[in-house]
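The chain contents come next:
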Amino acid sequence: MKASTRDVGKVTIIDLNGKITIGKGDLILRDAIDSVLKEGKTRLLLNLEKVSYMDSAGIGELVACFKRVVEKKGTLKLVNPEGRVSDLLALTKLDEYFETYQSESEALASFAA
Amino acid sequence: MSTALHIEMTLNSRVDLANLVHAASDEICRLAGIDEDAMLNLGLALREATVNAMKHGNKLIESKPVHIEFDLRGNRLEISIRDQGEGFDFRRDVDPRLPENLEKTNGRGMFLIRNFVDEVKYSHQPGVGTTLSLVKRLPRRLGRHASRS
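These protein sequence lines are chains A and B, in that order.
When you line the first sequence up against our numbering, it's residues 1 to 113, in that order.
When you line the second sequence up against our numbering, it's residues 1 to 149, in that order.
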C-alpha cells in the first residue's frame with residue numbers, strides 16, 4: 001500500500017492506495033498518521049477511494065489511528081470507502097463510529113462547519 | 001465420494017505469508033468455480049484464521065509451522081488451519097459491533113471468519129495443536145470439480 005498527503009486549506013488529506021492488511025498496509029497507515037500528527041496537523045481526512053481491501057488488522061489500525069488523533073485533540077474523518085471496504089465498515093458497524101463522507105468536497109465542507 | 005482436489009501447505013509463522021495463503025485460496029476458488037464475492041469472503045476468512053494461528057497459536061515463533069489443507073469434495077470446500085498452540089475458547093463469541101467494543105483495536109478476526117464462511121469447526125489435541133476448519137458450501141451448478149465427484 002502507498003500513502004501520500006496533501007493539504008487543502010486547513011485540512012490534511014491522506015490518500016491511501018492498496019490494501020490495508022497485517023504487516024504492511026497497517027504499518028504504512030500508522031506511519032502516515034503519526035507523521036502528520038508530528039507536524040502538528042490535526043484536521044485529517046483519510047481518502048479510502050483506492051483502498052481495495054482491509055483485514056481485521058487494518059480495521060484495528062483505523063480505530064487506533066482515530067484514537068491517537070483524538071488524543072491530540074484532532075479530528076479524523078473518512079471519505080470514499082468503496083466496495084469491499086465500505087461493506088466491512090458496515091458489517092463491523094464502524095460506519096457509525098467514523099464520520100464518513102462520499103465525496104471530498106462534502107468532507108472538506110464538514111471541517112469548515 | 002472421491003476427493004476432487006486436495007492441496008496442503010506448510011508455512012513458517014510469518015504474517016506476511018498470509019498473502020501467499022490468500023493467493024492460493026483465490027486460485028482454488030477459481031478452480032472450484034466460486035464467484036468473485038464468495039472468493040473475497042473466503043480469502044479474508046482464511047487470512048484471518050492463518051494470522052490467528054501464527055499469532056495466538058504459535059506466538060509468532062517463526063520456526064513453528066502452520067499447516068493448511070484445502071479439500072474440495074462435492075459441493076463443499078473445507079479449509080483446515082492447524083497450529084501448535086494451546087487452543088482457545090472457541091465458544092466465546094465477542095460481538096465487536098457492541099458499543100462497548102467498537103473502540104477496540106482487535107478482536108474482529110473471528111467475527112469476520114464466522115460471517116464469511118458457512119461453518120466453522122474447532123478441535124484441540126493437547127500436545128499437538130489446534131485446528132480450525134472453515135467450510136464453504138458451493139452451489140452445485142458452479143463447482144467445476146464438484147460435478148466430477
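Read the hints as simulated data drawn from the structure, not as lab findings.
Fair warning: there could be bad hints in the mix.
List of simulated lysine to any residue pairs, SDA-like, C-alpha gap at most 25 Å [claimed, not checked]:
id	chain 1	residue 1	chain 2	residue 2
1	A	Lys67	B	Phe88
2	A	Lys19	B	Asp26
3	A	Lys10	A	Gly74
4	A	Lys93	B	Asp71
5	A	Lys19	B	Phe88
6	A	Lys50	B	Asp89
7	A	Lys73	B	Glu100
8	A	Lys2	A	Lys41
9	A	Lys24	A	Asp95
10	A	Lys72	B	Lys121
11	B	Lys59	B	Asn12
12	B	Lys104	A	Ser35
13	A	Lys24	B	Arg14
14	A	Lys24	B	Lys121
15	B	Lys64	B	Lys121
16	A	Lys38	B	Lys104
17	A	Lys50	B	Lys55
18	B	Lys59	A	Ala64
19	B	Lys64	B	Asn12
20	A	Lys73	A	Tyr53
21	B	Lys55	A	Val63
22	A	Lys93	B	Glu62
23	A	Lys72	B	Phe111
24	B	Lys121	B	Glu8
25	A	Lys24	A	Lys10
26	A	Lys77	B	Ala38
27	A	Lys67	B	Pro99
28	A	Lys72	B	Ile7
29	A	Lys24	B	Pro99
30	B	Lys104	B	Gly127
31	A	Lys24	B	Ala23
32	A	Lys24	B	Ser63
33	A	Lys50	B	Phe116
34	A	Lys41	B	Gly107
35	A	Lys41	A	Arg84
36	A	Lys67	B	Glu62
37	B	Lys104	A	Met1
If you only want the chain A side, here are some residues facing chain B, beta carbon under 7 Å, derived [said to hold, decoys possible]:
id	residue
38	Gly9
39	Ile13
40	Gly18
Bear in mind the structure is a predicted one, so any value in this text is a computation, not a measurement.
Glycine is no exception: its CB is placed at the ideal position from the N, C-alpha and C atoms.
Cross-check of the supplied hints:
no.: 1; hint: Lys67(A) to Phe88(B); verdict: violated, 29 Å
no.: 2; hint: Lys19(A) to Asp26(B); verdict: holds, 16 Å
no.: 3; hint: Lys10(A) to Gly74(A); verdict: holds, 12 Å
no.: 4; hint: Lys93(A) to Asp71(B); verdict: violated, 33 Å
no.: 5; hint: Lys19(A) to Phe88(B); verdict: violated, 29 Å
no.: 6; hint: Lys50(A) to Asp89(B); verdict: violated, 37 Å
no.: 7; hint: Lys73(A) to Glu100(B); verdict: holds, 22 Å
no.: 8; hint: Lys2(A) to Lys41(A); verdict: holds, 20 Å
no.: 9; hint: Lys24(A) to Asp95(A); verdict: holds, 23 Å
no.: 10; hint: Lys72(A) to Lys121(B); verdict: violated, 43 Å
no.: 11; hint: Lys59(B) to Asn12(B); verdict: holds, 12 Å
no.: 12; hint: Lys104(B) to Ser35(A); verdict: holds, 23 Å
no.: 13; hint: Lys24(A) to Arg14(B); verdict: holds, 12 Å
no.: 14; hint: Lys24(A) to Lys121(B); verdict: violated, 29 Å
no.: 15; hint: Lys64(B) to Lys121(B); verdict: holds, 22 Å
no.: 16; hint: Lys38(A) to Lys104(B); verdict: holds, 24 Å
no.: 17; hint: Lys50(A) to Lys55(B); verdict: violated, 29 Å
no.: 18; hint: Lys59(B) to Ala64(A); verdict: holds, 22 Å
no.: 19; hint: Lys64(B) to Asn12(B); verdict: holds, 6 Å
no.: 20; hint: Lys73(A) to Tyr53(A); verdict: violated, 29 Å
no.: 21; hint: Lys55(B) to Val63(A); verdict: holds, 20 Å
no.: 22; hint: Lys93(A) to Glu62(B); verdict: violated, 34 Å
no.: 23; hint: Lys72(A) to Phe111(B); verdict: violated, 31 Å
no.: 24; hint: Lys121(B) to Glu8(B); verdict: holds, 18 Å
no.: 25; hint: Lys24(A) to Lys10(A); verdict: violated, 29 Å
no.: 26; hint: Lys77(A) to Ala38(B); verdict: violated, 30 Å
no.: 27; hint: Lys67(A) to Pro99(B); verdict: holds, 15 Å
no.: 28; hint: Lys72(A) to Ile7(B); verdict: violated, 49 Å
no.: 29; hint: Lys24(A) to Pro99(B); verdict: violated, 29 Å
no.: 30; hint: Lys104(B) to Gly127(B); verdict: violated, 32 Å
no.: 31; hint: Lys24(A) to Ala23(B); verdict: holds, 16 Å
no.: 32; hint: Lys24(A) to Ser63(B); verdict: holds, 21 Å
no.: 33; hint: Lys50(A) to Phe116(B); verdict: holds, 23 Å
no.: 34; hint: Lys41(A) to Gly107(B); verdict: violated, 30 Å
no.: 35; hint: Lys41(A) to Arg84(A); verdict: violated, 29 Å
no.: 36; hint: Lys67(A) to Glu62(B); verdict: violated, 31 Å
no.: 37; hint: Lys104(B) to Met1(A); verdict: holds, 23 Å
no.: 38; hint: Gly9; verdict: violated, 29 Å
no.: 39; hint: Ile13; verdict: violated, 23 Å
no.: 40; hint: Gly18; verdict: violated, 12 Å
Against the hints set out earlier in the document, violations occur for numbers 1, 4, 5, 6, 10, 14, 17, 20, 22, 23, 25, 26, 28, 29, 30, 34, 35, 36, 38, 39, 40.
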